[in-house]
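Just so you know, the protein sequences line up as chains D and Y, in that order.
Positions 63 to 262 (our numbering) are the ones given, in order, by the first sequence.
Positions 251 to 739 (our numbering) are the ones given, in order, by the second sequence.
Check before you lean on any hint, since a few could be wrong.
[Unchecked claim] The following label-pair restraints were derived from C-beta to C-beta distances:
#  : chain 1 : residue 1 : chain 2 : residue 2 : range
1  : Y       : LEU493    : D       : LYS219    : 34 to 40 Å
2  : D       : GLU97     : Y       : ASP703    : 54 to 60 Å
3  : D       : LYS181    : Y       : SER490    : 25 to 31 Å
4  : Y       : ARG719    : D       : ASN213    : 22 to 28 Å
5  : Y       : ARG523    : D       : TRP260    : 49 to 55 Å
6  : D       : SER261    : Y       : SER547    : 58 to 64 Å
7  : D       : TRP260    : Y       : LYS543    : 56 to 62 Å
8  : Y       : LYS543    : D       : ALA197    : 50 to 56 Å
9  : Y       : GLN313    : D       : GLY259    : 43 to 49 Å
10 : D       : THR106    : Y       : SER547    : 48 to 54 Å
11 : D       : LYS202    : Y       : LYS716    : 33 to 39 Å
12 : Y       : LYS624    : D       : LEU238    : 53 to 59 Å
13 : Y       : ASP703    : D       : SER215    : 55 to 61 Å
14 : D       : GLU97     : Y       : ILE370    : 26 to 32 Å
[What the hints assert, rightly or not] Under 8 Å between C-beta atoms, here's a sample of chain Y residues computed to sit facing chain D:
#  : residue
15 : LYS367
16 : ARG369
17 : ARG422
18 : VAL639
Think of the hints as simulated: they come from the structure by calculation, not from any bench.
Since this is a predicted model, take the numbers as computed values, not measurements.
For every residue, glycine included, the Cβ atom is placed at its ideal position computed from N, Cα and C.
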Amino acid sequence: MKTLTLSLISIGLVLSLGACSNKATVSYGDAQEVETTDLSFGSTDLQTIATEMTDSLLQSVAVNELTRDGRPVMYVERIKNKTSEHIDTESITDSVSTKLLRSGKFRFVDMSRVQDVSKQLEFQNEGGLVDPSKAVQFGKQTGAEYMLYGNLSSIVKSNKDKSDVYYKFTMRLMDLESGIVEWADETEIRKTKEKQGWSW
Amino acid sequence: MKIIFAPLVDYFRQRRFRYLFITSGMTVMLVGCAGMQLSDMFSGYAQQMLPVRNHIDQGQLQQAQSTLIVRSKTENSYALSQLEAGRLAFLANDWSSSQKAFEQAYDYVKTTNEQAKIRISESLNQAGALLSNDNALPYVIPAYEQSMMHSYQAINYLMQGDREGALVEVRRANIVQENSLKQNQDKLDEARSDALQKADVPESSLYSSFPDMESTLADVKSGFQNAYTFYLSGVLYEASNELNDAYIDYKRALEIYPDNPVLINDVQRLAQRLSMQDDIVRFNQRYGEYQPKSLQSNGIGDVIVVIELGQIMPREDASINLPTSHRGRLRFYSLSLPSYNHARQFTVPAQVQLRQGEQVLTAEPLLELLPLAKFQLYEQMPGMVARQVLRIFAKEEIRQEAARSGGDVGNILASLYNIASERADTRSWLTLPQQIQVLRQPLGVGKQSIEVDYNGQQQLIDVEVKENRITLVKLTVTGNYIGYITSNL
C-alpha cells in the first residue's frame, strides 16, 4: 500500500515537473497568415480592416469622380480607439494611407510629422548653417483638401464556456472645404473563443 | 545538559524513517512546484505585509517598495505582488513602473479567464493546499481589486498624457463591474423581492411608494460594485466631451451612493445639459430642483479632489488548535480561517476639509473598500470551509502514517508540521486605501490654492484652473503621510 502511495506521488511529481519545463522555439512565418493566438486585436484584424477599407474607398463612385481630374491631397486624422484594448491605431492609419498612396490616386500630407518638419525648416532658415538659397522656404506646403477619419469600437462578452469579441471599424472621407462626407464605410469582425475542456 | 543523538541516528538508519523523510520531502517539493515560498507556509500574508504598510504610513515610499517581497511568475501570489508593486509605484508617482506592474496583473487575469475549464495543474495545487494551507492556491484577483487596478491604471495613462489609454482602462473596469453585476444579479433580485414583500406594494409603484428601496439596493450593490471607478470613468468621459457616457457612469455611481451630494449634483447637471426629461423629473422629485454650484458660465473650471484615506484592513488569521488525546497519544487538530472580525480597531478616517478663499468644503465618501473585501471573503468562505475539513483529514492521515513509520518522533514532527503549516489565506491587496472621498467645486480660472486639513495636518495645494476644463487633484492621506498629484484633464 505504502509503495503504491509513493509511486503515485512520484508519478504526480514527474508529471508536474514535466509541465513546469518546456522548450522555446523561434521560427519565421508568413506575415499574411491568419493569426488566431488569442481574442485580442491582432495582425489579421489590422490587415482585414486596412484592405477592406482601401478597396471600398478606391472602388466607390464618389472617389472615382474626385480623382478623375488629378490626385487630391488628403490627410489621415487619427483613428479613435473606443475599444477596451490598447490598440496602436496609428498602425491602422499607416496601413490605410500606404495602400492609398500605392494606388496612385491620392497624395498625402502627414500631420503626425508637422512638428518635426517645422523644426527642420526653422533649422534651415534660422539656424545660420544652411545656405539661404538652398534652404526650403516657409509657407510653400500644400494644404490637404480631404480628411480621412474613423472610429474603432468593440463589444466584449464572455461566460464560463466562451468569449466573444466584436469589432466595428468606421471610416469617413470629408471634403474640408464644403464639410461634405464624400464616402463612408464600415468593417465588422467577430471572433469567438470556446474554452478548452481540459489542460495542464 | 547533555543531549544524546544516538537514538536519532538509529532512527535515520531505520528504513521506516526513510519513508517519513521521503514523504515530507515530497510535500515540500509539491508545495515548491505549486509556487509557494517557504515563508508563505508558516507566516500569513497580512503579517508579511505589515512592514510595507508601516512604511506607507510614515510616507517612506522607497523603503516600502524595497521591503515588498518580490515574487516570480511561477509563484501563486505573483499577480497579487504585482498589484502591490503597481500601487506602491503609483504612490511614488512612478507612472510607467506602476503601469507595467498592473499590466502583468491584467495579463494574469486574462490568462486565467481564458484557461480551460478543467486544469490538471489546478488539481495539483489543490492537493498542495490540502497538505499545507490555502496559500498554496494561486491568487485569484477578485472583481473589486480588478476595478481598482484599472482605475489606477487609468490615472497612470492620464499622467503620461495618454487620455485614450486612460479611457481604455475605464472601459475595462466597466466590463469587470458589469460582469460582477451579472454574477450577483440574483442577490439584487432577492433584496428587491424581500423589500417588496415587507412593503407589500406592486413592482410598478416601487420607487415612489418605497423610497428606502434605492438605499436597500445600494447597500447590496456596494458589496460588489465600486462607485469610485464609475465616477472616475464619468469624469474622464466628461473631460473628453463624451457627455452621454459620462452621464451613464455618474448615474451608476449614484445607484451605489444615492445620498452623495457630489454625485447628485453631477447627475442633475448632466441630465439638464442632455435634456433627459424623465430623469430630470425623477431626480427633482427625489433630490429637489437642481442647484448649480456656480452661476457663472465663463471664466471657471471644475476642480475635482479625490482623497484616498487610510489603508484597507487586512484579513485576520483566526486559528484554533484543539488538543485531543487518543489512546494516550496527544494530537492536535488545527483550524484556521481568515476573518474581518476586528473591524472595530479601524476607526473611520477623519473628515478632510478643504479651504479655498473663504469657503470651507467637506469631502464626501465615494467608496468604502472594506464591504467589498468582506463580500469577497463571504463568497470564498464555502470553498475555504470545505477545504479546511478535507485538510483535517489529510493531515491526520499524514500524522498517522508518520506515527506508524516514525513512532513518537514522527508523530510529534507531523503534529508540529500540521499546526505550523495551518495558516489562513489572508491574501488580499493590502496597499489599497480604506476609503475614497470626493469633492467637486468650480473655481475661477488661473492659479488657485487649496488648503487641506486632515487630523490637524495642513497641506497647501496649488492648482492651475483652466477654463471649462476639469482639474483633477488626487490626494493620498494615511498615517502621517500626505501626498498629492494634479492634472488638467
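*Kindly indicate which numbered hints from before are broken by the structure, ordering the numbers from low to high.*
Result: hints 1, 13, 18 break, sorted rising.
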